[in-house]
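Can you build the whole structure from these sequences, using the hints too?
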Amino acid sequence: GAVVSQHPSWVICKSGTSVKIECRSLDFQATTMFWYRQFPKQSLMLMATSNEGSKATYEQGVEKDKFLINHASLTLSTLTVTSAHPEDSSFYICSARDSWSSGRASGNTGELFFGEGSRLTVL
Amino acid sequence: QKEVEQDPGPLSVPEGAIVSLNCTYSNSAFQYFMWYRQYSRKGPELLMYTYSSGNKEDGRFTAQVDKSSKYISLFIRDSQPSDSATYLCAMKTDKLIFGTGTRLQVFP
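The listed protein sequences correspond, in order, to chains A and B. Quick note, the first sequence lines up with residues 1 to 123 if you use this note's numbering. Quick note, the second sequence lines up with residues 1 to 108 if you use this note's numbering.
What the hints contain is simulated information worked out from the structure, not anything from laboratory work. Only a predicted model underlies this, so the values are computations on that prediction, with no experimental measurement involved. Glycine residues also receive a C-beta, built at the ideal position from the N, C-alpha and C atoms. Do not rely on the hints blindly, as some may be mistaken.
To be verified - Quick list of in silico lysine-lysine cross-link-like pairs, DSS-like style, CA-CA up to 30 angstroms:
id : chain 1 : residue 1 : chain 2 : residue 2
1  : A       : Lys41     : B       : Lys2
2  : A       : Lys55     : B       : Lys42
3  : A       : Lys55     : B       : Lys95
4  : B       : Lys70     : B       : Lys42
5  : A       : Lys66     : B       : Lys42
6  : A       : Lys66     : B       : Lys92
Unchecked claim - Here are a few chain A residues that face chain B, going by a calculated C-beta distance under 8 angstroms:
id : residue
7  : Lys41
8  : Gln42
9  : Ser43
10 : Leu44
11 : Leu46
12 : Ile93
13 : Leu112
14 : Phe114
15 : Gly115
16 : Glu116
17 : Gly117
18 : Arg119
Written out as structure tokens, the structure reads:
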């Protein structure tokens, strides 16, 4: 199956620093990638939709200046948490939609392949 | 009211049991219904998806959708310890909305 790779899988940083998380689709092209945040024992919450070559679309309540998203190629999207604070500590997960399968009947859901997640701890 | 409601569990069952996981939803516009499995500290993986009301079977897993009741279920037959994970329902219109997930523990 399709593979989505996230890096780093975990990171610890000091308050006030910036952290970049990468999301790569390894064997398919993804014009659209999604960034989620998951707090312990809570659901995945969509933060933003990343579109290759254009600005990301942020969900209500998500600060676009704090969570910078760049989708410079069809296989890579990055999330940068700027001036991180302890309350930003969370599990960040990306997903990618296979651009080719999105139109097929079986992939009409725009089947999403999820990365392994990146656990951020801000001290 | 949340758009998608799911009992967080944990649900603990013996090996071989039939497991029933459920979600209810409020938005009648949801068209696609998915079940994801998430192991601890890992990303979710898609187990099954359905579009219409009715049943869909894949091996030991059966997904059921009742649009009239706004209720979906996932049944796991002959549960195994390796099935121990968090199971998330998800529903889609233009974006994917997840339930909180149900933590399942299958003990030998």
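Cross-check of the supplied hints:
Taken as a hint, the Lys41(A) and Lys2(B) pair is honoured in the structure, with Cα atoms around 16 angstroms apart against an allowance of 30 angstroms. For the hint pairing Lys55(A) with Lys42(B), the CA-to-CA distance comes to about 28 angstroms; that is within 30 angstroms, so the pair holds. Note on Lys55(A) and Lys95(B): the hinted pairing holds, with a Cα-Cα distance of about 17 angstroms set against a maximum of 30 angstroms. Using a Cα cut-off of 30 angstroms, the hinted pair Lys70(B) and Lys42(B) holds, with the two alpha carbons roughly 29 angstroms apart.
Using a Cα cut-off of 30 angstroms, the hinted pair Lys66(A) and Lys42(B) holds, with the two alpha carbons roughly 25 angstroms apart. For the proposed pair Lys66(A) and Lys92(B), the alpha carbon gap of about 27 angstroms is at most 30 angstroms, so the pair holds. Because the closest C-beta pair between Lys41(A) and chain B is about 6 angstroms apart, less than 8 angstroms, the hint holds. The interface hint given for Gln42(A) is met, as the beta carbon of that residue sits about 6 angstroms from the closest beta carbon of chain B, less than 8 angstroms.
The criterion of a C-beta within 8 angstroms of any C-beta in chain B is met by Ser43(A), whose closest approach is roughly 4 angstroms, and the hint holds. Look at Leu44(A): its Cβ gets to within about 5 angstroms of chain B, closer than 8 angstroms, so that hint holds up. Here the hint on Leu46(A) is kept, as its CB sits about 6 angstroms from the closest CB of chain B, short of 8 angstroms. With its C-beta approaching chain B no nearer than about 5 angstroms, Ile93(A) sits inside the 8 angstroms limit, and its interface hint holds.
With 8 angstroms as the threshold, the beta carbon of Leu112(A) comes within range of chain B, its nearest partner Cβ sitting at about 7 angstroms, so the hint holds. Hint status for Phe114(A): holds, given a least beta-carbon distance of 4 angstroms to chain B, under 8 angstroms. At its closest, the beta carbon of Gly115(A) sits 5 angstroms from a beta carbon of chain B; the interface hint therefore holds under the 8 angstroms criterion. Restraint check, Glu116(A) versus chain B: the minimum CB separation of about 5 angstroms is within 8 angstroms; hint holds.
Look at Gly117(A): its Cβ gets to within about 5 angstroms of chain B, closer than 8 angstroms, so that hint holds up. For Arg119(A), the suggested interface contact is upheld, since its CB lies about 7 angstroms from the closest CB of chain B, less than 8 angstroms.
In terms of the numbered hints stated before, the structure departs from none.
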